[in-house]
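Given chain A, work out where chain B should sit, using these hints.
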Amino acid sequence: MSEAAPPKLREAPELAASFLADLTQEFASSLDIDETLKNAIDRFMVHLDAEAASIFLLEDDDTTLVCRECAGPVDIRGLRLAADQGIVGQTVARVEPRIVRDVAEDASFAAKVDADSGFATRSILCVPLAVRGRCLGALELLNKRGGDGLFERNDLELASVVAAAAALAIHNARMAAALVEQERVRKELELARHIQESLLPPREGAEFAVHGVNIPAREVSGDFYDFMPLADGRVYFALADVSGKGMNAALLMAKTTSLLRCLAKSATSAGALLHEVNNEICERSTLGMFVTVVAGFLEPRSGQVELANAGHHPALLRGADGSLRSYAAGAPPLGVLADIDFPGERIALDGGTLYLYTDGISESISADGAELGVLGLSALFSDAAPLSAALRLDAVVAAWRAAGYRSHDDITLMLVEVPKADATRSEALNWRFTADAMQLKPMRERVRELGLASGWSDKLTGDLVLAINEACMNIIEHAYGPDNAGEIVLEILNNENEVEIVLTDFAAPIELDAIHGRALEDVRPGGLGTHFMSTIMDSLSYTHLATRPGNVLRMRKRLEKAATDC
Amino acid sequence: MSYQVQQESGYAIVCLSGDVDLSCSPEARKTILASLSRGQHTLVDLSAVSYIDSSGVASLVEGFQTARRKSLRFGLIGVSAAALGVLELARLDKVFPIHATLAARLEADG
Chain A
140 MSEAAPPKLR EAPELAASFL ADLTQEFASS LDIDETLKNA IDRFMVHLDA
190 EAASIFLLED DDTTLVCREC AGPVDIRGLR LAADQGIVGQ TVARVEPRIV
240 RDVAEDASFA AKVDADSGFA TRSILCVPLA VRGRCLGALE LLNKRGGDGL
290 FERNDLELAS VVAAAAALAI HNARMAAALV EQERVRKELE LARHIQESLL
340 PPREGAEFAV HGVNIPAREV SGDFYDFMPL ADGRVYFALA DVSGKGMNAA
390 LLMAKTTSLL RCLAKSATSA GALLHEVNNE ICERSTLGMF VTVVAGFLEP
440 RSGQVELANA GHHPALLRGA DGSLRSYAAG APPLGVLADI DFPGERIALD
490 GGTLYLYTDG ISESISADGA ELGVLGLSAL FSDAAPLSAA LRLDAVVAAW
540 RAAGYRSHDD ITLMLVEVPK ADATRSEALN WRFTADAMQL KPMRERVREL
590 GLASGWSDKL TGDLVLAINE ACMNIIEHAY GPDNAGEIVL EILNNENEVE
640 IVLTDFAAPI ELDAIHGRAL EDVRPGGLGT HFMSTIMDSL SYTHLATRPG
690 NVLRMRKRLE KAATDC
Chain B
23 MSYQVQQESG YAIVCLSGDV DLSCSPEARK TILASLSRGQ HTLVDLSAVS
73 YIDSSGVASL VEGFQTARRK SLRFGLIGVS AAALGVLELA RLDKVFPIHA
123 TLAARLEADG
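Chains as they are written, first to last, in this note's numbering: chain A, 140 to 705; chain B, 23 to 132.
Just chain A, same shape as in the assembly:
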């Protein structure tokens, strides 16, 4: 033995302990496993007193063993074996260490490797690299240097400890790599979602004719809606559902929405628009993918809608009198058959509202397993009917959630109606203003004017002014805070026998449980506002906006019947 040769571990237990401690430490702190294995393999060979050492890892769905690192006279890195081949294969398959003291006497030895590499194997020690029973590969040591040149039981025990540490390090490094990959995918999806959101039209105020909401089930959505006013005064609108989900659906969605939007500017009718877009999509279609669409044009002055439906759920017209009518598809979805006709339909809104939806909501399931259905959805539309068009769809989604419905699909809703000619007409108020204390006085004046026009008593007007003022103060001071003056939407509805006040803000959702008045015995400044509101009003309820950050406060006050006797 030369002077440079290190002491044999089994002859010096304290050296074995320190070697193992170093090695495990190195493995535990390593995330670059290739580098670590490269550094470790020489030490394996030397300390375990072998002529060659190699690490084989399972790849290709565990069908192949590939030599990832080796030390010794022959470089076999990249060598591929079938997962059940040779001593390594047996070790991996059984997840048990093996000693072959003399390969000449063992039938399972893959002699071909020796023949190819020129290395003469006499004795093999092979231990599995396993973590929690799952085998990742094996550590193989060839030809013992000292003694009779054959491995023994002691060698096997040492190698097993080394292999356990190596296996854990490989496992951890793979987990870390998977996490990095997961994070990368998540970031890309988030980016895709932002791009997709930017394809949706901006939210419009109550004075606009078309409103929509989209709630993706995953990061990206296969649904979309779009609308825009055209130069001739008409308003284009469309709502669609792309078959499938995930990224491929999102990409087809992006293509379809761009085509529709671009061609809508020159299309003579909804049917002609869908005809053109269909041909474009069919020309370069991905097999089996299609798009169901309802698209149309509203003529706001006459309240006439011209509509075409390509394989989508029926459009629902809720008349001013509460009646319902549906308009079913007249043609198959886009992307199925080129050069087909999409019959158009003319609808007179007559003060009613046209609703479009995707099956994410109509086929959603309640906690007790019942499907919402078109009738259930129509009921939600009816309940929300008194609200302004700008907030109605949020209210529908909030009511849908509150009723315990859940969906695994994207949800998209859209409504089309002729905006009310005068949003400040005497029987109701719909006003958007900045959340600023200086806006409170003009707000109070508007409410007083409404009270006068609605024939409220002075006391009722004064009380409602105070309650609304306090609610606005809470929004200004607490929801938005000093550095963030967003908008407040105030709606007042003269319902039968009651006044309903709806205040919406777009601040971060408030903690609903944290709202409470204070005990009046406790004489101190502050906390009075909520007491005023709850004393004046018959009911108060807070909810969050369903589709964007924001809070809705709904307050109701019953109207006393005027006394008829003296």
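Be aware that one or more of the hints could be misleading.
[As the list claims (entries may be wrong)] Heads up, simulated DSSO-like pairs for lysine-lysine below, C-alpha to C-alpha not over 30 Å straight-line:
hint, chain 1, residue 1, chain 2, residue 2
1, B, LYS92, B, LYS52
2, B, LYS116, A, LYS580
3, A, LYS696, A, LYS598
4, A, LYS598, B, LYS116
Don't read these hints as lab results, they were simulated from the structure.
Okay, now just chain B, sitting in the frame of chain A:
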């Protein structure tokens, strides 16, 4: 809102007028507390107040408490119907000494 402060019969009289709401109640609060910090007995005249909200009421409550700590006299005079309605709603009409006029207050002081 506008305000003025005048000295009469041993009182600083803070006279608020117009709408006392969130946009100006900090000023009303400052004026009332400044008077008290000068060690003056203080009355707040609400006869010209057309509207007061909870932030305005809170300023009055703070004045009332500060005066008690400093053993100064404090009260409201000439409370307008609009202001009284809000004080009643807060059940503070029984907490604050309220008099129709300065003369009535002086008489009550004895």
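Violating hint indices (sorted, rising): none
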